[in-house]
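*Asks:* Each chain, written out:
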Amino acid sequence: MSENASNCIIELKDVVKSFDDTLVIDHVSLSVRKGEFVTLLGPSGCGKTTTLRMIAGFDLPTSGQILLNGKDISLLPPNKRPVNTVFQRYALFPHLNVFDNIAFGLRMKRVVNTYRNPKGEEYTRTEKLTKAEIAAKVKKALEMVDLEGFEKREISTLSGGQQQRVAIARAIVNEPEILLLDEPLGALDLKMRKEMQIELKAMHRRLGITFIYVTHDQEEALTMSDTVVVMADGVVQQIGTPTDVYNEPANTFVADFIGESNIFSGTVTGKRKVRFCGKTFDCVDDFEKNEMVDVVVRPEDIVMCEPELGMLKGKVISVVFKGIHYEITVQVGRYEVVIQSTERREVGETIGMNIPAQEIHIMKRKYTSNIYDGVITKRNTVEFADGEFECDVTQLYPGSHLDEEEYLVTAQGEKIDLTGTEVTVEVGLEDISISDDAEAGGAQGHIISIIYKGDHYRVIVRTDESEEDFVFATDDLWNENDYVSVIIPKDKIKLTLKHTEEKAA
Amino acid sequence: MIKPLRFTRKSLGIPYAVFLVFFVIIPMLVIVFYAFTDKNNHISFVNFINFFSDPTKLSTIVYSLVIALITTAVCLVIAYPVAYILARSKMKQKYVILMLFITPMWINFVLRVNAIRELLNWIGLLGEANYLNTIIGMVYDFLPFMILPLYTTLLKIDESLYEASADLGGNSFTTFTRVTIPLSMPGIMSGITMVFLPSMTNYVVSDMLGNSKVTIIGKFIETYFGSDWHMGSMIALILLIVVFVSTLLSGGFKSEDNVRGTNL
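Chains A and B, in that order, give the protein sequences. Our numbering applies: residue 2 is where the first sequence begins, and numbers increase by one. Our numbering applies: residue 25 is where the second sequence begins, and numbers increase by one.
Bound conformation, chain A alone (with noise of 0.2 Å):
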């Protein structure tokens, strides 16, 4: 602990902040070491930009601590703060020249220095920094910045990249303990952005300060970061190396956020065995069997082969030239898998492919409801799942009603008559339930787990034709393989339009 507390500079405990009743943090801890360079990264609306204000003092939380060096500095406002920001728009003083915008943080500046009287006695002053002082300590940043000679240069004949640089040099001349980056280079172009990213990473290594860094760019936190902390909706999802966050995604929202993948439900079948894409592969993860999990697989970890070698055989759909790979789209049974491989492909040609073992990656699914797309059929029931169910497609439209000859009238009096309209079906956990007769139900399926979870068994019945899951709780004791058929209450069958510009028109 002890060890921990003096190589952690900062770390947020427990950290919420909400904005009027809206939940942005959602408990977020996290500790940086000194001298590291963390990148958080996320989508944008995923709180990483909040939790950088609340680092820089931009931002208060609502609950949880902060603590830089071990003191709590939660509520701390950001002048009294031993950290600097480079902003996202830069936010160099427009009535200010380049040496003045770099000299603002110098001129507020005040140190002690210790001095000695006639007498011998040592006395100390609290001072402010020199003319000189300062003008050596800009003329430095600005070598940093390779910006020599731009000190009287207005703000506004600098080009975004230049404005990029007095902004850094402008956070740095205080020599911080952290420097807090906020997505500093979503402004440039692609080029001057490879540049700088190389530049920044060369700066910290010669400052040898902490670095937070805040992007929605995977590419640029896997190039610049010792440590990657991976948001989404307010939450961490993982923090790692680049190498591990690539390599063993902690969920399907880190594996595809952070690079292409191929994303599978599949089922455990037994020891280091997996099902999905309709075959059963070898793995190195361990779960439990029937346990219900999502499988990442790397488009560059598929090595493609004779369709006779493979352990999967499919139809090339597509094949898209990206400079140093193609991006082959490969139709396999109703999946689609996409590769990335230098070997060419033609469109139409059948082939094979394998995974190793030790690139599949898998990972528990969270279950909150069951998803699957649907069409509706004549009589305006819904088919999906090899089953059709009785639903209320009034639900489509607000307001809507069916006249007596089934017709559906929506509130502007518009006829509508739905038949292929594809939609997406929504059924909760709790509101399926099943029967021995087979005609009781609206689909049918064998039983392939049955899991007890304390209080009640979480059952998975898999359809027969097209491998399709029904899942749900129940408080009754069913067997595996059971033949059973699915009842879902027509008023539990949730239905959304599939095309939403349908549903605006």
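Now the stretches of chain B that chain A is said to cover, found in silico as 3 or more residues with beta-carbon under 8 Å:
#, segment
1, 181-189
2, 197-206
Distance condition first, Cα-Cα at most 27 Å in a straight line; then the derived DSSO-like pairs of lysine-lysine:
#, chain 1, residue 1, chain 2, residue 2
3, B, 114, A, 81
4, A, 140, A, 81
5, A, 141, A, 202
6, A, 35, A, 202
7, A, 153, B, 180
8, A, 365, A, 495
The set of hints was computed from the structure by calculation and includes no laboratory data. The C-beta atom is built at its ideal place from N, Cα and C for all residues, glycine as well.
Chain A is already provided as a structure; the job is to place chain B on it using the hints.
*Replies:* For chain B alone, coordinates are given in the frame of chain A:
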């Protein structure tokens, strides 16, 4: 073949050129002519010399300047906090409050001055403190012209600049003096010109509230145009030069900084 009728940019400018010639350039020349001629319409500097050798006229100019300066200063002191608070507040009702400050502008000027006259009479100040009353009336009348340009410039200051200042160690006072004030300078300048000028010339306020004891330069010009057009023109010309020079000094002609508070 019929040539299509086309308006070039030049031809569209003609009406404005005509307007400028008839309503700006010619009247200006007329004023210059009157200013530098005597009663027999001979060219002479007699008005110029008379003006600067007459202590009453000079003191009137000084009085006008002082009244205008005080009015402007008071307006600035009152308007700045209001504009600052409104510009930075996230309150939904802030436009309503801003409107309340601005609405008097849309009420008839004479009516407004009469109202404040009644008010001053009611507190018993009317006829007692003529200069104070004049200044009170002017501040009341010209305050919106100060608030609006200040509000628009303050609104345009990016929130991240305040944060940058705090981030670099600035407390609220240093942030105000080193960031807020310099960046709102264009608004301050516009506000000053928009209040300073009318307070030099608008004699309705001084007439009605100053118990006819306060003479400002505008009143002076009006009086002279009753009897001596030549002297009146000279005073008008001198006022024009004073205003021109002060605008030039305050940088009011810089087009990019010219915020006149028109875009609310």
